[in-house]
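> From first to last, the protein sequence lines stand for chains A and B. Going letter by letter, the first sequence gives residues 5 to 269 in the working numbering. Going letter by letter, the second sequence gives residues 54 to 345 in the working numbering.
Some clues are possibly wrong.
[As the list claims (entries may be wrong)] Partial list, derived from the structure: chain B residues whose beta carbon lies under 7 Å from chain A:
{"#": "1", "residue": "K121"}
{"#": "2", "residue": "G125"}
{"#": "3", "residue": "D130"}
{"#": "4", "residue": "E146"}
{"#": "5", "residue": "E154"}
{"#": "6", "residue": "Y195"}
{"#": "7", "residue": "V200"}
{"#": "8", "residue": "Y319"}
{"#": "9", "residue": "A321"}
{"#": "10", "residue": "G322"}
[Unchecked claim] Reference excerpt, derived from the structure (chain B facing chain A, CB under 8 Å, subset only):
{"#": "11", "residue": "D70"}
{"#": "12", "residue": "K120"}
{"#": "13", "residue": "F124"}
{"#": "14", "residue": "F126"}
{"#": "15", "residue": "A127"}
{"#": "16", "residue": "R139"}
{"#": "17", "residue": "G155"}
{"#": "18", "residue": "E187"}
{"#": "19", "residue": "P230"}
{"#": "20", "residue": "P232"}
{"#": "21", "residue": "F265"}
[What the hints assert, rightly or not] Calculated cross-link-like contacts (lysine to any residue; reagent style SDA-like; alpha-carbon spacing at most 20 Å):
{"#": "22", "chain 1": "A", "residue 1": "K124", "chain 2": "B", "residue 2": "R183"}
{"#": "23", "chain 1": "A", "residue 1": "K260", "chain 2": "B", "residue 2": "E146"}
{"#": "24", "chain 1": "B", "residue 1": "K98", "chain 2": "B", "residue 2": "I132"}
{"#": "25", "chain 1": "A", "residue 1": "K124", "chain 2": "B", "residue 2": "L256"}
The set of hints was computed from the structure by calculation and includes no laboratory data. We put the beta carbon where it would ideally sit given N, CA and C, even for glycine.
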Amino acid sequence: MSATCDFTLAELMIVAASEAWRGNGEVIASGLGVIPRLGASLAKLTHSPELLMTDSEAFLVEEPIPLGPRGDYVPRYSGYMSFERVFECVWGGRRHAMIGPTQIDRWGQTNLSCVGDYQKPKTAILGVRGLPGNSINHLNSFFVPSHNTRVFVSGEVDMVSGVGFKAERWPEGTRRDLMDIHCVVSDLCVLDFNGPERAVQVRSLHPGVSFEQVQNNTGFPLLKSAQLNETVHPTQEQLALIRRLDPHDYRATAIKGNPPGIRTA
Amino acid sequence: MMNKQLTAADAVAQLRDGMTIGFGGWGPRRKPMAIVREILRSNVKDLTVVAYGGPEVGMLCAAGKVKKLVFGFATLDAIPLEPYYRKAREAGELELMELDEGMFQWGLRAAGMRLPFLPTRCGLATDVTRLNPELKTIQSPYADGEVLVAMPALNLDVAFVHVNVADRLGNCLVTGPDPYFDHLFARAAEQCFVSCERLEERLELSAEMARFNTFERYLVKGVVHAPLGAHPTLCAPDYGWDMKHLKGYVASSQAENGWQDYVQTYIAGGEQAYQAQNGGADSMGALPLPVF
Numbered sequence: 005m006s007a008t009c010d011f012t013l014a015e016l017m018i019v020a021a022s023e024a025w026r027g028n029g030e031v032i033a034s035g036l037g038v039i040p041r042l043g044a045s046l047a048k049l050t051h052s053p054e055l056l057m058t059d060s061e062a063f064l065v066e067e068p069i070p071l072g073p074r075g076d077y078v079p080r081y082s083g084y085m086s087f088e089r090v091f092e093c094v095w096g097g098r099r100h101a102m103i104g105p106t107q108i109d110r111w112g113q114t115n116l117s118c119v120g121d122y123q124k125p126k127t128a129i130l131g132v133r134g135l136p137g138n139s140i141n142h143l144n145s146f147f148v149p150s151h152n153t154r155v156f157v158s159g160e161v162d163m164v165s166g167v168g169f170k171a172e173r174w175p176e177g178t179r180r181d182l183m184d185i186h187c188v189v190s191d192l193c194v195l196d197f198n199g200p201e202r203a204v205q206v207r208s209l210h211p212g213v214s215f216e217q218v219q220n221n222t223g224f225p226l227l228k229s230a231q232l233n234e235t236v237h238p239t240q241e242q243l244a245l246i247r248r249l250d251p252h253d254y255r256a257t258a259i260k261g262n263p264p265g266i267r268t269a
Numbered sequence: 054m055m056n057k058q059l060t061a062a063d064a065v066a067q068l069r070d071g072m073t074i075g076f077g078g079w080g081p082r083r084k085p086m087a088i089v090r091e092i093l094r095s096n097v098k099d100l101t102v103v104a105y106g107g108p109e110v111g112m113l114c115a116a117g118k119v120k121k122l123v124f125g126f127a128t129l130d131a132i133p134l135e136p137y138y139r140k141a142r143e144a145g146e147l148e149l150m151e152l153d154e155g156m157f158q159w160g161l162r163a164a165g166m167r168l169p170f171l172p173t174r175c176g177l178a179t180d181v182t183r184l185n186p187e188l189k190t191i192q193s194p195y196a197d198g199e200v201l202v203a204m205p206a207l208n209l210d211v212a213f214v215h216v217n218v219a220d221r222l223g224n225c226l227v228t229g230p231d232p233y234f235d236h237l238f239a240r241a242a243e244q245c246f247v248s249c250e251r252l253e254e255r256l257e258l259s260a261e262m263a264r265f266n267t268f269e270r271y272l273v274k275g276v277v278h279a280p281l282g283a284h285p286t287l288c289a290p291d292y293g294w295d296m297k298h299l300k301g302y303v304a305s306s307q308a309e310n311g312w313q314d315y316v317q318t319y320i321a322g323g324e325q326a327y328q329a330q331n332g333g334a335d336s337m338g339a340l341p342l343p344v345f
């Protein structure tokens, strides 16, 4: 891998996010937010053209839509995906979404509802949105723009909005086999839940980031993946595609300070 | 000939304290805001509000009219956090039934089909079921024996939806790219009132246009002609959301007497004054649709 590549952390994370959708087959790839959406778009344009995508409104497209004002670009639609159909897709399990929850715990449970006590919260956020249904019905990944112990909490998340691997949370007789979590892409590393008994492990560290740095910013103990390595750098081809998909450079504001992809101490 | 036209005030006069009211649309999209403003001008209170929440939730909370909120989210989308929902929520003022977005439409569907519940996996193994003890589980009577949530019917006393076109008989067209779940709100309600951008005597459509009709006129109790009636939310394909207005609305939540000032500026004077305060009908109708 060329070390001469000039790329930002956001671009590294887009490439890492795109890997989440590799080998998923014909499913809807839903990346919510700038980096996940660019990751899904890049996946479809490179290693996984079989993915289905929308225009982030109500139509399916076979060519991922560039972000923001389109100039002369006119989208061409291949189908329809209203909110009503999204639920039909979700409940049928043919989707892999990547979203940015406010909190994530060691069991992969996520929170988008509120921080603090439920009855009188310190901060009200959006509400659980589609997390309960998404998380129990199809594959999910998560995106964390600022890796810290407020996001990766020490105990359970304050309001369990999305299901995880905590056995005590599952009533007897319910089906747990329809859910899975693929990975978490943060600004420090890529995590997965593939350790013993679905423990969290670091799969790759972004350039210039140490395992200790990740652990110090995480509220629960982390394992090292047997394949732990450095997060793969973007190629020139990938960077060119990212520039085409994001002509207004929204990715420059996706990570605070828009740091370079290779961080130095 | 049948004529269901009435004024927003006539429609809102049907409301009683303590009713369960559903609002169509989705977040800051095609909300029946002219009706919401009329509710804000009325004395009705202690409402249970059922919505994919946008500014209608925040405004009704700010006015102290919401006893209970049945919802999956409240957001202005481009501005993620709904400011007055947030205030009410953080003050611990609201009774809540917080639901997964999919469960929510499932509950509306159950109501529309006159069923007590519909089964789903959504909500299992989360705090949605723990915090809502009224959500019961049910075991499949078949060989699988799977345990599922029995999502109860979300029966509404009244639903309000805003559509692009309606006629005096109550036939409606939703011509934007996504019909959201307005048809389910209409089915779930004892009475549904529709507000519309354009009112016609009687729709006489091509087969292609008729497909934009998403629910039957027998569900429609009354039709309110309310041009720009979704403002400041968007009403595709007619006009986009008003980000300037929404930013001012958010800022008002941080100002002293902010809500009272908002009411004075935008609500108290009626819809004509509302349009004048927002630059007039021509500029409101020309607000660009957002591009994602």
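> All the hints need checking, so say for each whether the structure fits it.
To see whether the hints hold, each was checked on the structure:
| no. | hint | in the structure |
| --- | --- | --- |
| 1 | K121 | violated, 14 Å |
| 2 | G125 | holds, 5 Å |
| 3 | D130 | violated, 10 Å |
| 4 | E146 | violated, 9 Å |
| 5 | E154 | holds, 4 Å |
| 6 | Y195 | violated, 13 Å |
| 7 | V200 | holds, 3 Å |
| 8 | Y319 | violated, 24 Å |
| 9 | A321 | violated, 28 Å |
| 10 | G322 | violated, 31 Å |
| 11 | D70 | violated, 24 Å |
| 12 | K120 | violated, 15 Å |
| 13 | F124 | holds, 6 Å |
| 14 | F126 | holds, 3 Å |
| 15 | A127 | holds, 6 Å |
| 16 | R139 | holds, 5 Å |
| 17 | G155 | holds, 4 Å |
| 18 | E187 | violated, 16 Å |
| 19 | P230 | holds, 4 Å |
| 20 | P232 | holds, 6 Å |
| 21 | F265 | violated, 12 Å |
| 22 | A/K124 to B/R183 | holds, 17 Å |
| 23 | A/K260 to B/E146 | violated, 35 Å |
| 24 | B/K98 to B/I132 | violated, 28 Å |
| 25 | A/K124 to B/L256 | violated, 49 Å |
The structure fails hints 1, 3, 4, 6, 8, 9, 10, 11, 12, 18, 21, 23, 24 and 25 (numbered hints given earlier, in ascending order).
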